[in-house]
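**Q** Once you've looked at the hints, dock chain B against the given chain A.
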Amino acid sequence: MRICFYPGCSYASTAGYKESTEAVCQKLGIELVVIPDWNCCGATVMFGENKLRATALAARHFALTQAMGFEEIVTGCNACYATLGKAARLLNEDAELFIKTKDVLQALGLTLDRIPKIRHLFEILTKAMPDAPSERYRSLSVGAYYGCQLTRPHQFLDKGGYPEILETFLERIGFAVTDHSARTQCCGASHAVIYKDECRNLSARIIREISDKGAQIITTICPLCQFNLDQAQTGDLTPRIPVTYFTQLAGLALGLSATSLGMNKLLVSAEKVISRP
Amino acid sequence: MSDQTKPRIGVYVCHCGMNIAPKVNVEDVAAHAGTLAHVVVARDYKFMCSNPGQDMIINDIKSLGLNRVVVASCSPRMHEKTFRNAVKSAGLNPYYFQMANVREQVSWVTHDSMDATEKAKALTAAAVSRVFFHQPLSTREVPVIKSMLVVGGGIAGMQSALTCANAGYQVYLVEREPSIGGHMAKFDKTFPTLDCAACIMTPKMVDVLQHPNITLHTYSEVEKVEGFIGNFQVTVKKKPRYVDMEKCTGCGTCMEKCPSKKISSEFNEGLSFRTAIFTPFPQAVPNVPVIDAVNCIVLGKNKKCGACAKFCETKAIDFEQKPEFLTLDVGAIIAATGFQAVNPTHLEPYGYGRFPEVYTSLEFERLNNATGPTSGKMVMKNGQIPERVAIVHCVGSRDVRHKKYCSRVCCMYSMKFAHLLREKTGAEVWEFYIDVRSPGKLYEEFYNRVQEEGVRFVRGRVAEITDMTDDPNDKGRLTVVAESTLTRRTVRLPVDMVILSVGLEPAPGAEDLGRLLGVSRDGDGWFTELHAKLAPVSTPMNGIFLAGCCQGPKDIPDTVAQAMGAAGEAIALLSRGMVTTQAEISHIDPDLCIGCKSCIGACAYSAIGFDEARRVAVVNEALCKGCGSCAATCPSSSASVDHFTDRQIMGELERLV
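These protein sequences, in sequence, are chains A and B. Numbered by this note's numbering, the letters in the first sequence go through residues 978 to 1254 in order. Numbered by this note's numbering, the letters in the second sequence go through residues 2 to 658 in order.
Bound conformation, chain A alone (with noise of 0.2 Å):
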C-alpha cells in the first residue's frame, strides 16, 4: 500500500514520532510517498490573516498530490490535518475561492483540479494494524490524549468533546487504557513558546488529570501535544509520567524495540513503564 504523506513542519524533529511512523509503517508494508517540496500549511496563523492566501498555502499541495496521481493526502500532525480539511472543505463549498486559488497556482506552474480527502494517520493505522498482535502490554493503562484539533471543529472521526477511537484502538493493539477527562484540553499548543508559563499549566493540569485517574503512560496523536506534554514535566507541577506518541505504542505491539521508535528521545524516559508492564 502506498500513499501520500504529508509530514508537517514537527513531524522529523519531535521525540521519535517520525522514527515510529516510518518503522510501524514498514512493519505493516505501507509506502509513505512524502509529497516533493511539500511547505508549511500555515496552521491555525494563516486563516487568520488572509482566507485566500492560508487557502493557497495548503492546496498547493493539492496540486502537488495531483500531480502525484494520489486521491488523499494522509498526515500525521493534528493542526495540519484540520488546516489542510479546513481549505479542502472551503474550496469545495466557494467557486469564487476554488477559481482564485487556481489562479495563484497556476503562477507557480501547478494545476489543481480536484480537492483530495485529507486522511490522519491514524485512520491508516486503525486499518492497518492486525488485533492484539502481542498480550505483553495487557496491564499497561495508557491515558490517550486527543488534543484539540482531530475532533473539532470537524468531527469527521468522532464525536468533538468525549472522543473514544483512541481508546478502542489501544484496547484492540493489547493495551489497557484510563478513563479520564482530559482527552481533548488544549495543551497550549504554539502558544507554548510565546506564554511558556500560562501554557505550562494547561500542560500540567492535563498530565495531572490523566495521572491521577490511574495512567502509567500517556499516549498522543500530535506531535506539538506530546512535546508540550513531555516538557511540562521538567518542573515540579507534575508527576512523571512518560508521553509517547501512539505510533511508538502500535510499534512496540508489534514487537519493534524502544530505540528503533525513537523513544530514547522522550524528557521522561518510559523504558521502566514498559519493562515491567
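FYI, nobody ran anything at the bench for these hints, they're computed from the structure. Note that the structure is predicted; figures quoted are calculated from it, not measured. Do not take every clue at face value.
[To be verified] Distance condition first, Cα-Cα at most 16 Å in a straight line; then the derived EDC-like pairs of lysine to aspartate or glutamate:
hint	chain 1	residue 1	chain 2	residue 2
1	A	1136	B	349
2	A	1190	B	471
3	A	1190	B	468
4	A	1190	B	475
5	B	323	B	245
6	B	476	A	1189
7	A	1136	B	465
**A** Positioned in the frame of chain A, the structure of chain B alone reads:
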C-alpha cells in the same frame, strides 16, 4: 358568462395607506385599467377594504350595472373574503371577483417605482382578463357534528377539553400515556408565584375524569383521521392495559406483589424504579395500572408468574387483552401534544451520563418533588446536601449546532430552582446564562427576588463540565468552566451538583400526527399556525386547532391561555352548527375520463373514488379541497377545478407573458 350577456368590469386600485401608493403610481394603474376591454369603471382609493371602499364597489355594481369586479390590493389570503362579501351584498355571485396582489408581490418587493407601476399594471390587466371567464359558483351548508377530539392530556389538552365540555359539547380526550397530566404533573412548584403544581393540577385531572361531557381514552393513540371540517372520522387505538378498567379498584396490591421491580421509572426520569405493572405516579388519572408488556415476566419473557392476577381480588388482570379500535365522529380537533426535553447526552462537554451529579432540569424537578425519588429532598446520589450548585442555561437552545430558538422557559425555571435550592438547602447557587429572559407578568420581579436571595449570576455560556480539579481539596467535585463575559475572565468553579436547563423540542410522534391531521410543521418541527399574530390557534386545515407547546415552546400561563383560545375557536365552530363547503372543487368529466386512476393516486385527501360500473373516477365533493393535483395529473384533461379552469388561467397568463 352564463347568466349575463356582456361583461361589465369594475377595477379598484388600493393605496393601502403608505404600503402600495408611494411605490406604485396607483392613478396610473387605474387609468391603464380603464383602457382595457370590458372595463366600465376604474378607480383608486386609500383603503379599499374600509367601509367607504367597499361601499364604492357596491354602489358601482348597482348604479353602473357591473357584473365583474377586480381589486388590485393585498394578498387574497388577507382580503379576498372581504371583497367577495362586498360583491355578494350587492347581489352579484361572489365568484365574479378577482384580486391582483400589488402589495406583497409588487410594492413590498420592488426597488424601482417605474418597474413597480408597470408590474402592477400587468397584474391588474391579467386579473381583468381572468375575471372575464369567471363563472358563478355556489356553496353548500353542511351540519357540524357537535363533539370534538383533543389529542394530548397535558395541561393544554386538559384545559381545552374542560372549556369545551363546560360549554356543553361532548369531548373525547386521547392520551397515549397511562395517565393524563403531562409534564406539569412532574413539577413541584411553578414560577413565578411558586404555587404547588400538584395543588392546582390534580383537581383539574379529577375534573376531566368526572366531567359528564368528557370521555377519556388514556393509553390510546390516534391512528387515522378522515373527513373534513365539522365532519371528521377519527380512528383511535386503545393499547391493551392488561387490566380491566371496569373491575380495577386501584387498590395497588398488584404493584406490591409484582416481582419485576427494577424497571427505570419514566415518570421519575430514571431516578427510581417501578414495577412491570404500574401507575406512573400516585395521583394518576385514571388510577388504573397498566402492564408494561416488555418487562412483564408473563407477557415479555413468556414465563410463569401471574403474581398480580393471583392477588387481585376483583380479577381485573387480563393477559389476553388485545388492542381495541374506536371510531369517533367529531366536528373539530385540537392538537395538544406538547414537547419533550432535549436529551443532553450528545453535548459531550457537559458530561451528562458520565458524571452522576449532572442532572437535567426534568430530573431536578423530580428530585424536588414530594412524590419523587428522594421524597423532595434535594440531595446528591451519596445522600448529602450539595454545598454549591451550578445551573447552566440554554443547554441545547440558542445554539446553531443544536436548537437555534430560545426555549422560553429555561431562564424562569432555572431561577425557580435557584430559589428552591436556597430555601431548602441554603446551598450557594450559581446561574450561568447568556441573557436572562423574564418578560412575563411578575417575572422580572422574580428575577430581582432571587438576586436579593444571594443567587450568583455569571454571564457566559458554559464551555465544559469536568471532574478535573485544580485544588486537591476539591477532589470528587465537578468543575464548571465558563468565560464570564462581563469580567472577561475564565471561571473555573468547583461545585457539587450541576443542573442542565435543557431546551424544548416537539414531542416524539408529532411528525406522524401532523401527517394524519394534514397540519404542517415548521423548520424546528413545531405545528404551524394559520397566522402568527391573528390566527395563532388555527391551522391551514379548517377545523383543526392547536394548543400548548406543540405549536412552540411556552410556559404554563401561555399554554393555558392558548388552550382556552383553541377551545373558543372549536366552540365557535360547533355552536355555529353549519359549515359552508368549498366552491372551488374538482370535477371529472365522465365522458372524457379514461379510467386510468392516476388522479386517485395523486389525491392527498382520498377524495376521488372509482365507479366500477362506468369505469370512471368520481370526486367526493365533501372531501375535495380543490388543490388541483388531479387536474394536473389527468392525461385526458377530464379533471378540472372550478374557479381554476384552463380557460381562466390561460386568460390570466396571456396578459403576463
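**Q** Look at each hint and say if it fits the structure.
**A** To see whether the hints hold, each was checked on the structure:
no. : hint           : verdict
1   : A/1136 x B/349 : 8 Å, holds
2   : A/1190 x B/471 : 14 Å, holds
3   : A/1190 x B/468 : 11 Å, holds
4   : A/1190 x B/475 : 15 Å, holds
5   : B/323 x B/245  : 12 Å, holds
6   : B/476 x A/1189 : 10 Å, holds
7   : A/1136 x B/465 : 15 Å, holds
The earlier numbered hints are all upheld by this structure, with none contradicted.
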